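A.B. asks: Sequence:
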Amino acid sequence: MERAMRVLEFNKMIDRLKRHAASSLGLEKIEQLKPSTDFEQVKQWLDETDEGAKVLRLKGSVPFGGIHDIRASLKRSLIGGHLNAAELLDIAETIYGGRRLKAFIEKMVEDDVKLPLLHGIVSQFNPAGELEQSIKACIDEFGEIVDSASSALQRVRREIRSSEGKVREKLEQLTRSSNTRKMLSDAVITIRNDRYVIPVKQEYRGSFGGMVHDQSSSGATLFIEPASVVEINNRLQEAKMKEAREIEKILGELSAETAQYADDLLANVERLQHLEFIFAKAHYSRELRASKPKMNLDGIISFTKARHPLIAEDEVVPIDIMLGGDYTSLIITGPNTGGKTVTLKTVGLLTLMAQSGLHIPAEDGSSAALFQSVFADIGDEQSIEQNLSTFSSHMTNIVDILKNIDRHSLVLFDELGAGTDPQEGAALAISILDHVHAIGAKVIATTHYSELKAYAYEREGVLNASVEFDVETLRPTYRLLIGVPGRSNAFEISRRLGMRESMIDDAKRQIASDSNKVDRMIASLEENKKQAEQDRAAAQSLLRETEQLQQELQRKIAALENEKRKVLEDAERRAKEAVSEAKVRAEAIIEELREAAKREGGAVKEHEWIAARKRLEEAAPQLSGERPARPAERGGEAQRKFAAGDEVKVISLGQKGHIVEQLDDDEYLVQLGILKMNVNADDLRKVKAEKPKYSEAVTTVRSSDSHVKTELDLRGKRYEEAMHEVEKYLDDALLAGYHQVSIIHGKGTGALRKGVTKWLQNHPNVKSTRMGAAGEGGSGVTVAQLK
2 MERAMRVLEF NKMIDRLKRH AASSLGLEKI EQLKPSTDFE QVKQWLDETD
52 EGAKVLRLKG SVPFGGIHDI RASLKRSLIG GHLNAAELLD IAETIYGGRR
102 LKAFIEKMVE DDVKLPLLHG IVSQFNPAGE LEQSIKACID EFGEIVDSAS
152 SALQRVRREI RSSEGKVREK LEQLTRSSNT RKMLSDAVIT IRNDRYVIPV
202 KQEYRGSFGG MVHDQSSSGA TLFIEPASVV EINNRLQEAK MKEAREIEKI
252 LGELSAETAQ YADDLLANVE RLQHLEFIFA KAHYSRELRA SKPKMNLDGI
302 ISFTKARHPL IAEDEVVPID IMLGGDYTSL IITGPNTGGK TVTLKTVGLL
352 TLMAQSGLHI PAEDGSSAAL FQSVFADIGD EQSIEQNLST FSSHMTNIVD
402 ILKNIDRHSL VLFDELGAGT DPQEGAALAI SILDHVHAIG AKVIATTHYS
452 ELKAYAYERE GVLNASVEFD VETLRPTYRL LIGVPGRSNA FEISRRLGMR
502 ESMIDDAKRQ IASDSNKVDR MIASLEENKK QAEQDRAAAQ SLLRETEQLQ
552 QELQRKIAAL ENEKRKVLED AERRAKEAVS EAKVRAEAII EELREAAKRE
602 GGAVKEHEWI AARKRLEEAA PQLSGERPAR PAERGGEAQR KFAAGDEVKV
652 ISLGQKGHIV EQLDDDEYLV QLGILKMNVN ADDLRKVKAE KPKYSEAVTT
702 VRSSDSHVKT ELDLRGKRYE EAMHEVEKYL DDALLAGYHQ VSIIHGKGTG
752 ALRKGVTKWL QNHPNVKSTR MGAAGEGGSG VTVAQLK
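Per the numbering used here, residue 2 is the first one in the sequence shown, and the count goes up by one each step.
None of these hints come from the bench; they were simulated from the model.
There could be a bad hint or two in this list.
To be verified - Label-pair ranges, simulated between beta-carbon atoms:
1) Ser-393 x Leu-311: 24 to 30 Å
2) Ser-393 x Gly-779: 55 to 61 Å
3) Gly-366 x Arg-101: 35 to 41 Å
4) Ala-268 x Glu-32: 18 to 24 Å
5) Tyr-720 x Lys-657: 57 to 63 Å
6) Ser-25 x His-409: 33 to 39 Å
7) Asp-666 x Asp-571: 42 to 48 Å
8) Ser-218 x Arg-101: 50 to 56 Å
9) Lys-202 x Glu-29: 31 to 37 Å
10) Leu-267 x Gln-238: 37 to 43 Å
11) Ser-25 x Ala-439: 45 to 51 Å
12) Asp-365 x Ser-581: 54 to 60 Å
13) Thr-191 x Arg-246: 25 to 31 Å
Stated by the list, open to error - Straight-line distance between alpha carbons at most 30 Å, and here's what the computed DSSO-like set of lysine-lysine pairs gives:
14) Lys-567 x Lys-577
15) Lys-567 x Lys-710
16) Lys-565 x Lys-584
17) Lys-718 x Lys-755
18) Lys-13 x Lys-44
19) Lys-306 x Lys-13
20) Lys-243 x Lys-167
21) Lys-19 x Lys-295
22) Lys-60 x Lys-687
23) Lys-243 x Lys-137
24) Lys-55 x Lys-748
25) Lys-30 x Lys-108
26) Lys-306 x Lys-295
27) Lys-293 x Lys-108
28) Lys-44 x Lys-243
29) Lys-729 x Lys-55
30) Lys-108 x Lys-768
31) Lys-346 x Lys-565
32) Lys-346 x Lys-19
33) Lys-137 x Lys-250
34) Lys-748 x Lys-60
35) Lys-55 x Lys-577
36) Lys-293 x Lys-567
37) Lys-729 x Lys-710
38) Lys-295 x Lys-243
39) Lys-650 x Lys-729
40) Lys-788 x Lys-60
The structure displayed is predicted, hence computed values, not measured ones.
For each residue, glycine too, the CB sits at the ideal point set by N, CA and C.
Construct the complete structure from the given sequences, taking the supplied hints into account.
C.D. replies: Spelled out as structure tokens, the structure:
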């Protein structure tokens, strides 16, 4: 595949990918990237990239700071080498970076984000926390050994500071003295050869004694260490040598400790490099707005709205292309500079990207095939004087391709048969295509030979395609038309440019009638295809409108259900309160009747019964819109005849008892527990023993797969309406099980954004909020993390 990778500019795509590397580790891995022919490995690579893209979609970024390539230092520690402070600090920072990255992935997994591959990688990290602590206890963030690294170092540094203070004190006395100041070029203390000196004028060199360490370029100033500080400077130098030996000892001990963890840390670095590579691919996927392709071993390519990754997004024209299945060869015809070569390169490069574990710039659902080999003969046509060399060059490549292809190959031919006599070139092109087709390789070829337009109609498994040309603007549209061969536009272009109609008619008579028929057929095919695409677009538009109406209806139904639930809950609450209050009052009245019965020997006087009954009627709960039921309504059809022993219910009291005796036509003596009372027949109802009834609680729960989006668009809404929609949407999102949602409020004056943020921060089920990242809409979007 090496030549195909070069021709298809795979290296340029790699250069774009390198921009997303976080360190030299990622750069190294990206530079080694090549397409794989192992189907399972490619699937795993794509799944890893997909998990990385999911992390970026949810979190925006990944903490890769502090990670260094420490492999050389680790290997040197294994053979007993001493590492310097900077190397040890890099090791500690890399350990910390790996630990932080592991915690980041594990936290997402705890939040129910499915990341099996990434979690599998970080779970193998050996934290080496003891080594990190040892290094950071001895070396500060600037790579300097701290005083507390050892007690000996602490002592010797105290001695150094003491000696330095004494030296500076003595020298400052000299610089401040009026007697000696005139002998100095400048009243300053400086350092030469790591010893403290003062600048003395040449003529006073003998006035201080001591040693001369340097002189100015003019020779007028000598840097002298006065005799009075030589001894102190000597002690200072001895102390600094002790410090250097102690530092060397500390670094040696840390290097030895590093060697104990070196093997585990080397494995950690490899895993960190792999993770950095995965997230570089994920970042590139986000940059391209790419998607994960479905891989297959059947040689089927199906790219929808595919874009060449190296062409600017505002310039590239997406194409739909299919290969494999019903046809294995695609012949693309059309004008020069019409996009034929770009189509070839798009198919080839996207195939190589997919086999490298990269997402491809095409819509979701696109399929890519895994090929054992990809061949490409693509090159611009040269001038007429170089036709021989052009043809020879192309044929050399083609002969080499034909020797190596098999049924698992993808072959891309650009301007097949060009550079020689048209008849011979067309015949060679047909012969080459027949050979490749017979082997079973998948092939896409571009040509402007008219003979190849009929080729697809005569061969099973071969299909024509063309790039569209707009004769109105005299420009190609770069759209690929599958199933429609390209036609000559020479006459239409000439007419648009002002050629006389008689000359055009004369030219038409010069060509064969068959060619005219073919062009008319092609024109008809193009027109039918355009009409079909317009009909399809209209159908899709209608489908989208229907889906929007359905969603709106679902929202309204949900709102009505919510309102209904609130009304029922409120009614139930008020009913319970009323019943509870009535029950308390009724029990109090019954207790009074019991006391009266005890006083009267088991019978209740008529005036007491009437008063109690009146109070019971007053105690009955009255709900909104309800009127008191009359006896006939309460008891259904009145029963006026009862016999002794009949089980009855006193409607006004809601109590059950039995008939003791009939007093007259309309009144009975009724036993209610220990009470006996006279009751009118209209207030009695015969009852049967009731069997226990069991009620079923019915709960309406919104399914987690309800159609709830992960974002809510409030742009154009009034403030009150927007707040109402946010409240309702958040309930739906919580029921749907979402952990993060985005509220799109736009930038505008900022009032709506502030209102949304304040409302979310006060909601009990919102964990945190943040402003959208650059790729999420920036300050026009608020992202909420849900509990």
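A.B. asks: For the pair we were handed, Lys-565 and Lys-584, check the Cα-Cα distance against 30 Å.
C.D. replies: Cα-Cα ~28 Å, so holds.
A.B. asks: Taking 30 Å as the top limit, are the C-alpha atoms of Lys-788 and Lys-60 close enough?
C.D. replies: Roughly 16 Å between the alpha carbons, so the hint for Lys-788 and Lys-60 holds.
A.B. asks: Is the hinted pair Lys-567 and Lys-577 satisfied, with a Cα-Cα distance of at most 30 Å?
C.D. replies: holds, 15 Å
A.B. asks: Lys-650 and Lys-729: Cα distance at most 30 Å?
C.D. replies: Given that 30 Å is the threshold and the Cα spacing comes to 48 Å, the pair is violated.
A.B. asks: Compare the distance between the alpha carbons of Lys-295 and Lys-243 with 30 Å, and conclude whether the hinted pair is satisfied.
C.D. replies: violated, 67 Å
A.B. asks: Taken at face value, is the distance from the CA of Lys-748 to the CA of Lys-55 at most 30 Å?
C.D. replies: holds, 26 Å
A.B. asks: When you check the alpha-carbon spacing of Lys-55 and Lys-577, does it fall within 30 Å?
C.D. replies: violated, 50 Å
A.B. asks: Taking the Cβ atom of Leu-267 and the Cβ atom of Gln-238, is their distance within the range 37 to 43 Å?
C.D. replies: Cβ of Leu-267 to Cβ of Gln-238: about 41 Å, so the range 37 to 43 Å holds.
A.B. asks: For Lys-306 and Lys-295, compute the direct alpha-carbon distance and say whether it is at most 30 Å.
C.D. replies: Answer holds: Lys-306 to Lys-295 is near 15 Å, not above 30 Å.
A.B. asks: Quick check on a hinted range of 24 to 30 Å for Ser-393 and Leu-311, using CB atoms only.
C.D. replies: With Cβ atoms ~29 Å apart, the hint holds.
A.B. asks: Holds or violated: are the alpha carbons of Lys-13 and Lys-44 at most 30 Å from each other?
C.D. replies: Satisfied, since the Cα-Cα distance of roughly 24 Å is no more than 30 Å.
A.B. asks: Taking 30 Å as the top limit, are the C-alpha atoms of Lys-293 and Lys-567 close enough?
C.D. replies: violated, 45 Å
Violated hints, listed in ascending order, are 9, 22, 28, 31, 35, 36, 38 and 39; each of the other numbered hints is respected by the structure.
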